[in-house]
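Undergrad: Going down the list, the sequences are from chains R and P. Its first residue numbered 85, the first sequence is counted upward by one per residue in my numbering. Its first residue numbered 360, the second sequence is counted upward by one per residue in my numbering.
You can trust all of the hints, since none of them are fake.
Derived coverage of chain P by chain R (criterion: at least 3 residues anywhere in the stretch with Cβ under 8 angstroms from a Cβ of chain R; other residues may be distant):
(1) 387–398
(2) 411–419
(3) 429–439
Because the hints were derived from the structure by calculation, they are not lab data. Every residue, glycine too, gets a C-beta built ideally from N, C-alpha and C.
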Amino acid sequence: MSDEPASWITDEMRGLVGRPFNQARSYPVAASDIRKWAIAVYFPESPPPLYWDEDTATASGERGVVAPEDFNPFAWLTAEPGMAARRAEFDADHLESQFGVLGPGLRTNLNAGLDATYGVRIRPGDVVTAESRIVSYEEKAGRMGRMLLTVVRTVWTNQRGETVKTTEQTSIRY
Amino acid sequence: MERRSIADGVRADRLQPDHRFPPFERGSGFPYWNRFAAVNDEFIGIHMDDEEGRTAGYPSAFGMGNLTWAYFHVALHSWLGLDCRIVSLSTRFRAAVVRGTRVVVTGSVVSVTAEGEDQLVEVDLRAQDGAGGLLAPARAVVSVPPQARRL
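Just chain P, same shape as in the assembly (with noise of 0.2 angstroms):
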């Protein structure tokens, strides 16, 4: 497999409202699943089991709303750079992860204003399926620093 790191980071000075950052994705399962509960001792029935996911009213087993919290912030660091600060970031979510689900985050800016040298940019994220069902919407304020690094 692959592995690459994410580091690209977006210069500020070229951050405009509407600018869409080229989607993040994830696939889901067990594969990732086990990785996020052996960090965050989230091992629970509707984590890793089909029936109890069927239990809660759900298909099968799903994911963590907790591991499509950490990709939001993989993403947003991936678009904004490492050195950018993340500020405050909501979610709510709307679908469960299912096994097997593609999951792609899509972002844009919804405002950049200037706080000092760096840009306060406001970002609406979208966690979807692969069919663009709608997974959880988010929305991020990121402070982003006059030139963003590369690590």
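For reference, chain R alone in the conformation it holds in the complex (with noise of 0.2 angstroms):
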């Protein structure tokens, strides 16, 4: 008989959906943050001077370096909740774990997909803050058997409160 129940979804987990999480706040962007991600996404090819070159940047529409649109201010360590909420493992529950609920305990977590809308660009000096809601979580069968599917929209806001983007993000666990 086999020990998996019956469904990977708990009630618990079902009283999640909607609730706000992952409140975080970045600290002030840094262009060199945005040189290293640019140099990153471009690689083997160098990046626009667009995005790390103040004088051409300045004379562009866009008047300074702005960051590409799929940056992370949020990588390695943001300002709020800070240094107490970096994981030294990866945990495929962590969205569960932020709430303090149990849950599946799948060992795999995958990116199933992505889905933006932007809105200004990011800056340095901006200080973005994010929200996220669970929207979903659903059952399906795949090529590795029953897979979790967890939708959740987080919205990035700047300083001035500007919408950054909205995202809604799949990942599929099993």
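Since each chain sits alone in its own frame, please combine them into the complex, following the hints.
TA: Shown next as structure tokens:
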């Protein structure tokens, strides 16, 4: 008899849908963060000067260096919640852990897809805040057996209250 | 290794439905993934260790979906100019970029509509491997100003 539960989705997990979480505030974005990100995603090409040369970027329509739209100002360490929130090891159930709820205990957690709508660009000095909500949990049969799909919506806002980005990210756990 | 800047914009007034953009290509493997992991804090076993990749059901370590996502943005700006504005982008990851995969992003124009002085261009993108196998389909809406500038 299999020890696998009838469903990965518990009542406690269903109760998390719609609740805000992952409220975070970035440190002020540094021009060096933008430079490094651009170098990494353009590798092995050189990134355009818009992302690293202030003189060229100032002369452009953007009026200064801007970050690529896919830039993540929350990488490594956030101003809030800070160092205590960093995980020493990968946790496939990190989502539920943030609520103090037991997750399904599955080993693998993959990025299955993204939907993004963009607002204003991120510039050096910007402070970005984020808030997420779980949109849905769903189970599906797949190549690796029964899989748990989770959709999370996140909104990023800058210090002027302008929307930077709204995303829905789908993850697959199995 | 030759380095060149990617900044080949396309004039908005030349865009028509079914216009095909030149393929955007990247290799894969640890030289790419390590650099991205370093900026996105994405040092996760499946992206670093072949055994972890196999445990997850793949033949080896594989690349980050977030990096393929970044490539879609790079490709769109290379095709439509750095002063275009990506309004929206959606993708689903259908297959893993296992180590050694050649990632080829293709794009074609679905529609062009006027929005004030700008053109709103809907682009169908596909990230494929070198043999044409689908890695990730994507759809973007991009606002292109009247004349793309080269930076």
